[in-house]
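Participant: Chains as they are written, first to last, in this note's numbering: chain A, 1 to 468; chain B, 1 to 195.
Worth flagging that the hints you see were computed from the coordinates, not collected in a lab.
What you were told as hints is all true, and nothing was included just to trick you.
Straight-line distance between alpha carbons at most 30 Å, and here's what the computed DSSO-like set of lysine-lysine pairs gives: (1) Lys122/B <-> Lys280/A; (2) Lys280/A <-> Lys167/A; (3) Lys167/A <-> Lys3/A; (4) Lys167/A <-> Lys96/B; (5) Lys8/A <-> Lys169/A; (6) Lys90/A <-> Lys75/A; (7) Lys90/A <-> Lys46/A; (8) Lys195/A <-> Lys3/A; (9) Lys167/A <-> Lys122/B; (10) Lys46/A <-> Lys96/B; (11) Lys149/B <-> Lys96/B; (12) Lys122/B <-> Lys169/A; (13) Lys149/B <-> Lys122/B; (14) Lys195/A <-> Lys122/B; (15) Lys421/A <-> Lys195/A; (16) Lys280/A <-> Lys3/A; (17) Lys46/A <-> Lys75/A; (18) Lys169/A <-> Lys280/A; (19) Lys195/A <-> Lys280/A; (20) Lys195/A <-> Lys169/A; (21) Lys169/A <-> Lys96/B.
Stretch-level coverage of chain A by chain B, calculated; a stretch enters the list once three of its residues show a Cβ under 8 Å from a Cβ in chain B: (22) 23 to 37; (23) 81 to 90; (24) 142 to 150; (25) 196 to 208; (26) 402 to 413; (27) 422 to 436.
Ranges between beta-carbon positions, derived for each pair: (28) Gly420/A <-> Met1/B: 39 to 45 Å; (29) Glu158/B <-> Glu97/A: 40 to 46 Å; (30) Glu176/A <-> Asn61/B: 46 to 52 Å; (31) Pro63/B <-> Asp106/A: 52 to 58 Å.
All figures in this text were calculated on a predicted structure; none of them were measured in a lab.
Each residue gets a CB set at the ideal place from its N, CA and C atoms; glycine is no exception.
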Amino acid sequence: MAKTLFDKVWDAHVVVPETDDTPAVLYIDLHLTHEVTSPQAFTVLKERGLPVRRIDRTLATMDHSTPTTPVHTLKDIEVVGPSASAQIRKMIDNCREFGLPLRDFDSDERGIVHIIGPELGATQPGKTIVCGDSHTSTHGAFGALAFGIGTTEVGHVLASQCLLQRKPKSMAVNVEGVLPAGVSAKDLILAIIGKIGVDGGTGHVIEYRGEAIRSLDMAGRMTVCNMSIEAGARAGMIAPDDTTFDYLRGRNLVPDGAEFEALVSQWRTLVTDDGAAFDKTVTIDASQLAPMVTFGTNPGMVTAIDQPLPPRPADGSWDRAFDYMRIEPEQPIVGTPVDVVFVGSCTNARLPDLLATADVMRGRRVADGVRMLVVPGSQAVKREAEALGLDSVFQAAGAEWRESGCSMCLGMNGDTVASGKLAVSTSNRNFEGRQGIGARTILASPQTAAASAINGVVSDPRPFLNQA
Amino acid sequence: MTGITSIVSRTAVLNRADVDTDQIIPARFLTTTSRQGLGSAAVADWRYRDDGSEDPDFVLNAPHNQGAEILVAGRNFGCGSSREHAPWALLDYGFKAVISSEIADIFRSNSLKNGLLPIVVKPDFHEQLLAEQVTLTIDLAARAVTVDKPSAVAVPFEIDNFSRYCIMQGIDQMGFLMEQMPAIEAFEAQRGDTI
Chain A
1 MAKTLFDKVW
11 DAHVVVPETD
21 DTPAVLYIDL
31 HLTHEVTSPQ
41 AFTVLKERGL
51 PVRRIDRTLA
61 TMDHSTPTTP
71 VHTLKDIEVV
81 GPSASAQIRK
91 MIDNCREFGL
101 PLRDFDSDER
111 GIVHIIGPEL
121 GATQPGKTIV
131 CGDSHTSTHG
141 AFGALAFGIG
151 TTEVGHVLAS
161 QCLLQRKPKS
171 MAVNVEGVLP
181 AGVSAKDLIL
191 AIIGKIGVDG
201 GTGHVIEYRG
211 EAIRSLDMAG
221 RMTVCNMSIE
231 AGARAGMIAP
241 DDTTFDYLRG
251 RNLVPDGAEF
261 EALVSQWRTL
271 VTDDGAAFDK
281 TVTIDASQLA
291 PMVTFGTNPG
301 MVTAIDQPLP
311 PRPADGSWDR
321 AFDYMRIEPE
331 QPIVGTPVDV
341 VFVGSCTNAR
351 LPDLLATADV
361 MRGRRVADGV
371 RMLVVPGSQA
381 VKREAEALGL
391 DSVFQAAGAE
401 WRESGCSMCL
411 GMNGDTVASG
421 KLAVSTSNRN
431 FEGRQGIGAR
441 TILASPQTAA
451 ASAINGVVSD
461 PRPFLNQA
Chain B
1 MTGITSIVSR
11 TAVLNRADVD
21 TDQIIPARFL
31 TTTSRQGLGS
41 AAVADWRYRD
51 DGSEDPDFVL
61 NAPHNQGAEI
71 LVAGRNFGCG
81 SSREHAPWAL
91 LDYGFKAVIS
101 SEIADIFRSN
111 SLKNGLLPIV
121 VKPDFHEQLL
131 AEQVTLTIDL
141 AARAVTVDKP
151 SAVAVPFEID
161 NFSRYCIMQG
171 IDQMGFLMEQ
181 MPAIEAFEAQ
191 RGDTI
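The shape of chain A in the complex, shown without the other chains:
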């Protein structure tokens, strides 16, 4: 029978099939873990006297609560406050107690968990990958089945390397045509969420297909898969191809030589068979897209930047969002004054994202009164960016250049947007208070964020690109 990519990866990991009365036992190839959603799981293991069963399949780091200022000694973590620093210490203690290697502050390989997994080559096609973090969907860009789990399930995986799961439904998102100049993967996924809604993918695993997807680089594919959860989807996947294999070749945790080529031959079978059926199908024309920005308090409230905002729906369902954002319906969003610009997060903090940001900013200045924070996704991204002189571009423009971490995406480490201030952010969530109590967030691509920082108002990035 013809199978989807998702079917193939799922089927290869079923330890015990599901029945009416019991879920499937699904094997997990790679478990990513961090300081926020693991402490209570480690406590359960301790209470039951259980070890971490597969240390070799567990990759631990710290990213959410960590400072983005330099950490030379453990004293330097105190800037994040007593509770966050205690959580960091707890992670260090738990990893030591369970014998788990930790990408700690002294590690060159530290960074946001969804950035370092691919960077190290731990993320590979056909794997099942989980993490106590909803943006685990990122790793689906490699043709892995990757999804976020809660802390109870983190405990399940630590103890057994398996999860109890019901098989989700499947959904195809076909993206035909090619993205126009100045329109990025971020704009594409925002447009997709706008089309299908923040619950359009609930209960489903999305496979992104079509010419526009095939022509994205791995960073772009990760940006798309990353925000699958913002459409409610369990996971997002893209079939692996030469772009994927070229990205992985030579990375630390993949084999080399003939062994790698043998893996590539297997990975090439990870495509949806002709005639395989999806439970749901959506098609989008990439060639018609413009840069996208959100205007409300969920990622589905999104508009093309060059269009006026939609009117208030008659049922009042958007009134609260418009009032919170202090943005007027039926008006252009371009020209809205900006207080803060954040370039970072597991969505948009890879080297190509920083290159795109720098292309807009080179030789220009951040507008007076605007604070701009550029936070690389990992220490490796930071080093690569500095080797290319990008840090100088950002700092000469007046932006802050930081150590890696989740930072202002959710503000757990004290990098927050003040109440009432408006931030243009390359992150993934514009929920009320997401970036700080009372903070107002507009989600955008790195190019749009950079253009808005330069002009001090929400700005279409395309005129900047034409000048470059």
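Chain A is already provided as a structure; the job is to place chain B on it using the hints.
Facilitator: Only chain B this time, still in chain A's reference frame:
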């Protein structure tokens, strides 16, 4: 966990759609390493004013909603982050069940593992529940919700058999999973990947 077979309570109605887990518990409270005591952080940014006092205009602070154990919320409740702190906070606040026409996947999974009943009902019945505060019986054994009114009929809901069994028995799922260890070891051996 103690077993739950039914819940009888007044409802508290939070008529907002797409309530995300950042609203259910804001990220600044996630620096805890415990699962206890999160009730005070539940829905914090809507419950409290800037000075930390309770906002009397927020619906869950209204006197008639005090002590309600069933939360009726708008469509797509619990979307966003995977934080299990969300059901922990709602349980510690005093809720035992959430009813909506749609509940986000990860929040639903997390709730089922902690004995917070995520009940998905059809849109027309959901509209009815959003319209007024009622007393409800959630009967887990019968998989049905009944409004405490003369002539009310039991409205069925779907719930995964296994999760329902675990909640009714008051057992967690880890025990069942660990009993699968021989199959897990055989799976690893077959893949040429033993410990």
